[in-house]
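**Q** From first to last, the protein sequence lines stand for chains A and B. Every position in the first sequence, counted from 1, becomes a number in our numbering once 8 is added. Every position in the second sequence, counted from 1, becomes a number in our numbering once 1251 is added.
What the simulated footprint calls covered on chain B by chain A, stretch by stretch (three residues with Cβ under 8 Å from a Cβ of chain A suffice, anywhere in the stretch; the number is not a length):
id, stretch
1, 1357 to 1371
2, 1474 to 1486
3, 1524 to 1530
Using 20 Å as the maximum straight-line C-alpha spacing, the simulated SDA-like pairs for lysine to any residue come out as follows:
id, chain 1, residue 1, chain 2, residue 2
4, B, 1486, A, 131
5, B, 1338, A, 274
6, A, 163, B, 1518
7, B, 1486, B, 1497
8, B, 1338, A, 323
9, B, 1486, A, 129
10, A, 163, B, 1520
11, B, 1254, B, 1388
12, A, 163, B, 1519
13, A, 163, A, 252
14, A, 163, B, 1517
15, B, 1254, B, 1389
16, B, 1486, B, 1548
17, B, 1486, B, 1411
18, B, 1338, A, 275
19, B, 1486, B, 1400
20, B, 1486, A, 128
21, B, 1338, A, 322
22, B, 1338, A, 319
23, B, 1486, A, 133
24, B, 1254, B, 1266
25, B, 1254, B, 1507
26, A, 163, B, 1472
27, B, 1254, B, 1509
28, B, 1486, B, 1534
29, B, 1367, B, 1469
30, B, 1367, B, 1463
31, B, 1338, B, 1437
32, B, 1338, B, 1328
Rather than coming from a laboratory, the hints here were simulated on the basis of the structure. Each residue gets a CB set at the ideal place from its N, CA and C atoms; glycine is no exception.
These are the residues of each chain, in order.
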Amino acid sequence: MILLGIVLFGLILLISGNDPIQSYRDIFVSTLGSAYGLSEVLVAMTPLLLTALAVALPSRIGLINVGGEGQLYMGACLATWAALTFGALPGWLLLPIMVLLGMIGGAAWAWIPGELRARGIVSETISTLLLNPVAPMIVGFFVFGYWHSPMDTNKTPIFSASARLPTLFGTRISLGLILGLGLLAMFWFVMRSTRWGLEMRGLGWNHQAARLNGIPTRRYVVGVMCLAGAVAGLAGMVLVSGYYGVLLANFSRGIGFMGFLVSWLANGSPLGIVVTSFVVAIILTGGNLLQLTRDLPYSVINILLAMTLFVVLARPSFIRKRAEP
Amino acid sequence: MSKLALLGVLSSAVFSGTSLLYATLGEIVGERAGIVNLGLEGVLLVSASTGFAVTSLTGNPYLGVLAGVIAGGLMNMILGYLVLNRKANQLASGLALMFFGFGLSALIGRGFVGAKIVGLPRLALPGSSGLPKLYASLLRFDLLIYLSVPVAVAIWWLLFRTRWGLGVRAVGESPDTAFASGRNPRLIRYQALWLGGALAGVGGSHLSIAYAMNWTEYMTAGLGFIAIALVIFAKWHPLYAVAGALLFSGAVAFQLLLQSSGIQVSPFLLSTIPYVLTLVVLIVWGGRRRVAAPASLGRVYQGAE
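Please take these sequences and the hints and turn them into a complete structure.
**A** Here it is, written out as structure tokens:
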């Protein structure tokens, strides 16, 4: 089904005066054709795993978290504060502090919608959406106002080596990938074989029945939202500490929103999230290449992403028939 | 603070609020019919880039606005096809539309970065001719600005005083009931989406053709999301949307005022005002506001076939 999206994007490339087949070959060779290319795909995939999990978890109890973007920024913000303040500490001490603060930042940002929803005041869809644009502004406030390096106005100084997540096998893949995969595995296990998982599935099926059976509905709503925010905040921490090494104003480019789409496409299943993130990461990595070799703006790759999504969303009949034998 | 500076600030606030008002009105029409368009940001970007490109090619800003309007309507048709014909999830479809808009607008605008255009002509405010020249020069607005409030009233009239508007609201509350009373929910939703997209198109092209008079990638910078927030703030009502847009432009103006009077408040914190205020209003009015939302908002209509 992704094929149809690829064909549609090929048409657009053709109209804009590029050879689509050559472009696709470039994308394919540069991402899957070499160990380095593959490692770059895994780099791009890392934050997606986390932001997708931040959507999949609340969706299990019927909550729609569209606020991954904001939660990610708040996580990055607090983690950066730690990196700049305690930069002299050794890594084994500093990194856990940054992880913790990143998670707290995201959790705090998601606590507001969680609490509002649990009290039945504002739906979490609306409040997470409203809080999204506020977080990058808070980041901008700190970066432009206090944290910027002497040379730039829009980014912090480069973090000290102890504030960088270790990378694996000499590539740019950071420990964040392991964290993401580990958390997804944990999510799968908790949902399947623990009491919490059972109660959450119960909540997802029928809120009222769950409440009548003595499941603390409110506590779950607030708790799950905070957990989801913590995961998205961790994504922010992983991005600044593992990928950029600095905090850049407006660094995310919609990774929180992409997490929503990944989770939705994967229907919230952990394995599906891994596979879908991988595919989306190939597309995103390919975008960098199109920019370099085809002289197209980077955002053009969003068309390929969107085309693929459109096709999946539209569920053409031949897919549906195959999916429901 | 001189009167002149105050006037300048107000004038720029009116300019920045106009795109927002059109975008908000567009979203209201769609949501009244029961469809949340989270891709508004992308729709605005595509109409901004299309409008700018056409203006640059033809030299006629009005043709540019027309192109922007058509582009906005067409963008919403993609959403319509996904959520109405294919019954796809509205939030996911909207976000996909947003990403599509990011990419498409970059592609369309690629050749026009830094291009110079003749913006929408500015006409003097009636009655301002007696004022000193400097004052009068600040009171010159383009046609779209003069039309913005009348358009809001027209949309109100359309939604609340016509048969078509009754149909739109009925479909937004309960498509099944509307269908049972002889209306075609899908058709009405398509019409509402087209009108909403066209209005967003006016907003997007005003941004690039009249306000900024240039094209840069991602020039909307979150305007679409402010509009979505304002819809809730305005209780899905076109006339309250005018108040909402004024509030936002007021915040912008206030920010400029503070800066020009030498008070140091970070522009970033001031920019959060519209969002935080909307959230606070939602919390204070709490449950009562939820009643104002169209009941079938965001739900997939399975149809009666």
